[in-house]
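Trainee: As a plain string of letters, each chain reads:
6 protein chains.
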Amino acid sequence: MTRILLINPNTSKEVTNLLMRTAPRFARADTQFVAMTAAFGPRYIASRLGVAVASHAAADTLAEYLRAATMRADATILGCFGDPGLVALREIAPMPVVGMAEASVLAATQLGPRFAILTGGAPWIPMLEELVAAIGMTARLAAVRAVPQTGAQIAADPDGSLAGLATAAARCVGEDGADVVILGGAALAGLAERLQDRVKVPLIDSLAASVAMAEALARTAPAIPPPRAAIAPVDSVGLSDALGELFRTPRQ
Amino acid sequence: MTRILLINPNTSKEVTNLLMRTAPRFARADTQFVAMTAAFGPRYIASRLGVAVASHAAADTLAEYLRAATMRADATILGCFGDPGLVALREIAPMPVVGMAEASVLAATQLGPRFAILTGGAPWIPMLEELVAAIGMTARLAAVRAVPQTGAQIAADPDGSLAGLATAAARCVGEDGADVVILGGAALAGLAERLQDRVKVPLIDSLAASVAMAEALARTAPAIPPPRAAIAPVDSVGLSDALGELFRTPRQ
Amino acid sequence: MTRILLINPNTSKEVTNLLMRTAPRFARADTQFVAMTAAFGPRYIASRLGVAVASHAAADTLAEYLRAATMRADATILGCFGDPGLVALREIAPMPVVGMAEASVLAATQLGPRFAILTGGAPWIPMLEELVAAIGMTARLAAVRAVPQTGAQIAADPDGSLAGLATAAARCVGEDGADVVILGGAALAGLAERLQDRVKVPLIDSLAASVAMAEALARTAPAIPPPRAAIAPVDSVGLSDALGELFRTPRQ
Amino acid sequence: MTRILLINPNTSKEVTNLLMRTAPRFARADTQFVAMTAAFGPRYIASRLGVAVASHAAADTLAEYLRAATMRADATILGCFGDPGLVALREIAPMPVVGMAEASVLAATQLGPRFAILTGGAPWIPMLEELVAAIGMTARLAAVRAVPQTGAQIAADPDGSLAGLATAAARCVGEDGADVVILGGAALAGLAERLQDRVKVPLIDSLAASVAMAEALARTAPAIPPPRAAIAPVDSVGLSDALGELFRTPRQ
Amino acid sequence: MTRILLINPNTSKEVTNLLMRTAPRFARADTQFVAMTAAFGPRYIASRLGVAVASHAAADTLAEYLRAATMRADATILGCFGDPGLVALREIAPMPVVGMAEASVLAATQLGPRFAILTGGAPWIPMLEELVAAIGMTARLAAVRAVPQTGAQIAADPDGSLAGLATAAARCVGEDGADVVILGGAALAGLAERLQDRVKVPLIDSLAASVAMAEALARTAPAIPPPRAAIAPVDSVGLSDALGELFRTPRQ
Amino acid sequence: MTRILLINPNTSKEVTNLLMRTAPRFARADTQFVAMTAAFGPRYIASRLGVAVASHAAADTLAEYLRAATMRADATILGCFGDPGLVALREIAPMPVVGMAEASVLAATQLGPRFAILTGGAPWIPMLEELVAAIGMTARLAAVRAVPQTGAQIAADPDGSLAGLATAAARCVGEDGADVVILGGAALAGLAERLQDRVKVPLIDSLAASVAMAEALARTAPAIPPPRAAIAPVDSVGLSDALGELFRTPRQ
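Chains as they are written, first to last, in this note's numbering: chain G, 38 to 289; chain B, 38 to 289; chain Z, 38 to 289; chain E, 38 to 289; chain L, 38 to 289; chain R, 38 to 289.
Bear in mind the hints are in silico, worked out from the structure with no lab data behind them.
Heads up, the beta-carbon is just placed ideally off N, CA and C, and yes, glycines get one too.
Keep in mind that the hints are not guaranteed to be accurate.
SDA-like mimics (lysine to any residue), calculated; alpha carbons at most 25 Å apart, straight line [claimed, not checked]:
#1 B:LYS50 - E:ALA269
#2 E:LYS50 - E:ALA72
#3 Z:LYS237 - L:PRO263
#4 Z:LYS237 - L:ALA269
#5 B:LYS50 - E:PRO270
#6 R:LYS237 - E:ALA267
#7 R:LYS237 - E:PRO259
#8 L:LYS237 - G:ALA159
#9 B:LYS237 - G:PRO262
Examples of chain E residues toward chain R, derived with CB under 7 Å [unchecked claim]:
#10 LEU143
#11 MET174
#12 ALA246
#13 MET250
#14 ALA253
#15 ARG256
Just a sample of chain L residues kept apart from chain R, beta carbon distances all over 12 Å, derived [claimed, not checked]:
#16 THR59
#17 LEU123
#18 LYS237
#19 GLY281
In isolation and in its complexed conformation, chain G is listed as follows:
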């Protein structure tokens, strides 16, 4: 059995519910999910400011889980296609942590020469181009495209978003030369399978890729030791008890 912690760094319970409802469709029969919603931050992350706040919120959520959980998850999925705080979560987590964007990009590069990312909201375009560069995959990136609706709007009206997404995905293939298209975003979870028959190349659902990668990493590296360079204990103020405790007693 594999236990996966789903952290929604958006504070929208609707998105948490969407993730929780959709994830099992992509998972093994013996995979169990537990979902947590960030305690603070924007309802939907759609800016660099949102990513900054969510980096803290995601770490805070994981800290809460690590303190409270009676059974440790085998892997954690960071459920926002911007991977806010991913490296911080990896520093504190004793299990593999999967970033929705990173996992999707790494899967895509194994499925064809060039991939494109399709998401909601124009401000994400430069942010995701920079994220792909940080991952090291710029040479494989055909394009990042966005429909005008934000993820929140797509989640609120998925049916009304399909036509626009299909048109944009077709452009990723026809104009940008993508061999694979990632449908990126927690709020877009589950839409790829509804669009696949309108697109000639594999469409990757970022939640599906994350679930599969989490299951894979949980088996590949079941335990993650503390960072090699010992982190000094430090006091903090104004943080949740759980997060403050992590600063005070870092994993050694």
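Based on these hints, arrange chains B, Z, E, L and R on the given structure of chain G.
Mentor: Frame of chain G, contents of chains B, Z, E, L and R only:
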């Protein structure tokens, strides 16, 4: 159920047996393996020449499988830590193809800031440094190290190789600053778990990473359409019937 | 006159006082400083977790300033040599925002072919190597070195830290080939001038570089318009009023 | 006198004849050619699968030559603009080995700031973009363009292909900003001189560049010692005697 | 007080006068300028040949200054947006040397995610793309655009150039996605402020950025020691006395 | 017959004579050389300042040749292993121009996986590392090493330099892992063949590589048209008549 085709591009049945024997230990209960050994080529790949021949042999093996198989595999693993012919296999395969080196590297980058590769045989060092560069992960590479024995020698005497591998892995951590160490090579399959308690960071078994990635990609993208740019049919000479047929009637 | 907002994303008032006390020594006579300390987070940032929390805290601090200030600062300095939340601050700030690390690196590259960074605490080494890569200056980086003490410990005992810093700086020059050495860290502000006569190449004080760059950018681009791609308003929970307001009414 | 071995990794005798007929036009008076056609593989290489098979076939051909030749060639030209197996040939050859694509690209970069590649068949476009990246010259690449006909079709009807090639070459200059255009492909050998007066920038014939580079390298480094890291002898199956012998007794 | 040496490597006194007239508008009240015009070379630099000659001329001018000046400047600005000879000037100068292009690019990257450069004369486009690559900022470059007029022509008729520059700047924003636009060129000094209200993003005047950066670096690193690797004295012929002296007695 | 213009941008007649005496040894029987010495500049180039002056001097020398020559050379060799002014010479030359460093590096990369550069004088080390980066071959560079003597000193006492060069070349192979070693420098012309039997990998004489590459490019691209973007005529002062004429009437 997931069906995985294991292609051993080495022509050593012993390595095939090792892969076939070890893979299920890393796999889900409902994953089934079928293994095929390359019909021609070196017993063990340990040079650029070996990689060149194995690129053909691996493609030939997959072609045989595609023609003969009554049930299609859900994913293919290319069982040599040099990924010979990987892009060619992806061109012809209707299912995801996993390269042992690529899958290990991509897993490693998700498990810590820097990774090292440890394998057998000094000629692999520059070859693997170039492979990591081609994958796009040079910035994350701490070092490639090799023990003096070739993979074939390690496979023939795994017990006698453990001490040397443990020492080299410790150097990857202590001198090179690796947060994760990949034990790379088909012939080293199964050794990571025997060495893990002597190494402070996660040791990745390249077969384990490949099996988990194959299971993951099989779920993420169950079908792979033909290449976007149509490949022209072409006659050939001196090839197996199965491979010749692939040239004559490429997937469209 | 130039008004500079100093944001200390560490929650240590001692560091804020150190910045406030030292900054004027590096500034023009007509430059005025106002300093704010982050309302929450670790006393001293020395980990990826610390950076994640401080990204939020720095943005929160700037939000408070933007709401409360009767006179707008001409530039903002983010007073931690890890630039936590820098891109987020730039998204929300109507004035130039200077990152202590970025400003120091960009100054250093103009003063000689190769630079090194010297700071406190080994965990910073890989973090700063990645930061230099993100800035685009890896080809110019001779080395990142760290003395064993954390920045907090150096700030608490600067006199006792000088010998170790001098030795390490000499290694940056003698072994790594640095033409310029950055003494990086809010807690190290003011130490470069005490060490300069023991080092053969220019020593850059990261606070001095930041103050000078802030004065420069304030003149080069006195006003910064909102991001080109309009950011959608979004509700939030659990944030300070000032930061919540920024999510609700992003600059347009 | 310079003796050049021309290896045609395509199994098309027509292409071999074309190379053999055209090469002397680009060569010194005292350069002699001997040509060999691959013993197996596709008639014309136009896919990643073709490159994989040709990597083996090219190595096999060189092995045959090395065993049979009474007089050693001074240089070898790998006569396919995809350089199949180039690094493997360099591992086994005691003389310089020239790749048609690499030689053309390196010549082009010395003749102007940016170059374009023009070839036959759309599947080559991403393959050549990746090859240029592997060579290290992406920053100098203006574009890769392809006419719809494959190289085989161009070789069969060169006159009918000229107009399309001229139009595409003009686009490389006018739209892509190329200062030099490479006409790439064994099957296109000899066409550049027929097109040059229709194009404002230097047109490089990939065979001409290869012959000149082979003559140059034969003088620059007349002998190539074995690889620095000793390659272990290994048995093989199903290979030609000559190639099997190379595995059994690698150069030391 | 800060003393800045303005070197105009163009031999046009009009441009020197323009720099001298405009620089104080961008400078602190207590900054004083002294300007020198190159003793030889083209009236206006607009080619790679011009850059080559100006590299010598700029070094020659600085050598003259260093020999003759009774008071040493605190910083030097190299007043051509191609930075001719910048690394040579830094080798010989005991004070910071600012390149107009480099300073503008480094300022721009601190003011927004992507920048564009707008200048006069199409031959500058590839030259500046290469310069940005050498600086390390290609990933941040949205585009380089040029109006048809050369800098000389713009300097001769600034009013008549404004419309074309405004149109091109708008394209940098609307088509290329620039968040900041650099108006690059000594001859364009002072035009940015006249165009700013027609452009939605910050327009950087390359002279303004240079003056501010020079003031900043003068404070950050008031003295620059000789190069770490001692340069051997060497005789020369045909150079000015001052420059010949620098070869004969390099800084040690 | 091939006519090659050898430009010595050093003003040392001894080096010119050395080049003129040695080049024919590396050339075809029907290759003729004409050598010109720069009219001004340092006797020997060994600094960034030297490179800057030599950029002008090399262009000036070519301009003189272009005006005076009754028969046009088929190729030009820029005889300094720092390639001063190479891009400028290519802008004005109607024939291929070969840089000694670039030609050697491009030859080396075709002869083995990794190359090292060995030259005279420590200040060249960072300069050549930057040059290799600009060429695009950093990933292939094993090391740059320098013996303490400058090129001038080596040229004055070649016999006394051999032992030190042999030791350093052995380190390039044994410690740095170079498969090929370039002996770089006009003043080192002819020494590689004297050292080859002491080094296990191919030693490249930078003059030999340049001559062979010049012969090759002369055949590959016999004529080079003017730059695509028309360069505007411009007056100049203080230049030789020939160079001034090139500014006044650029090639169109």
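Trainee: Please go over all the hints and tell whether each is borne out by the structure.
Mentor: How the hints compare with the structure:
| no. | hint | result |
| --- | --- | --- |
| 1 | B:LYS50 - E:ALA269 | 19 Å, holds |
| 2 | E:LYS50 - E:ALA72 | 10 Å, holds |
| 3 | Z:LYS237 - L:PRO263 | 9 Å, holds |
| 4 | Z:LYS237 - L:ALA269 | 19 Å, holds |
| 5 | B:LYS50 - E:PRO270 | 18 Å, holds |
| 6 | R:LYS237 - E:ALA267 | 13 Å, holds |
| 7 | R:LYS237 - E:PRO259 | 14 Å, holds |
| 8 | L:LYS237 - G:ALA159 | 17 Å, holds |
| 9 | B:LYS237 - G:PRO262 | 7 Å, holds |
| 10 | LEU143 | 5 Å, holds |
| 11 | MET174 | 5 Å, holds |
| 12 | ALA246 | 5 Å, holds |
| 13 | MET250 | 6 Å, holds |
| 14 | ALA253 | 4 Å, holds |
| 15 | ARG256 | 5 Å, holds |
| 16 | THR59 | 22 Å, holds |
| 17 | LEU123 | 9 Å, violated |
| 18 | LYS237 | 29 Å, holds |
| 19 | GLY281 | 9 Å, violated |
Comparing the model with each numbered hint stated earlier shows that hints 17, 19 do not hold.
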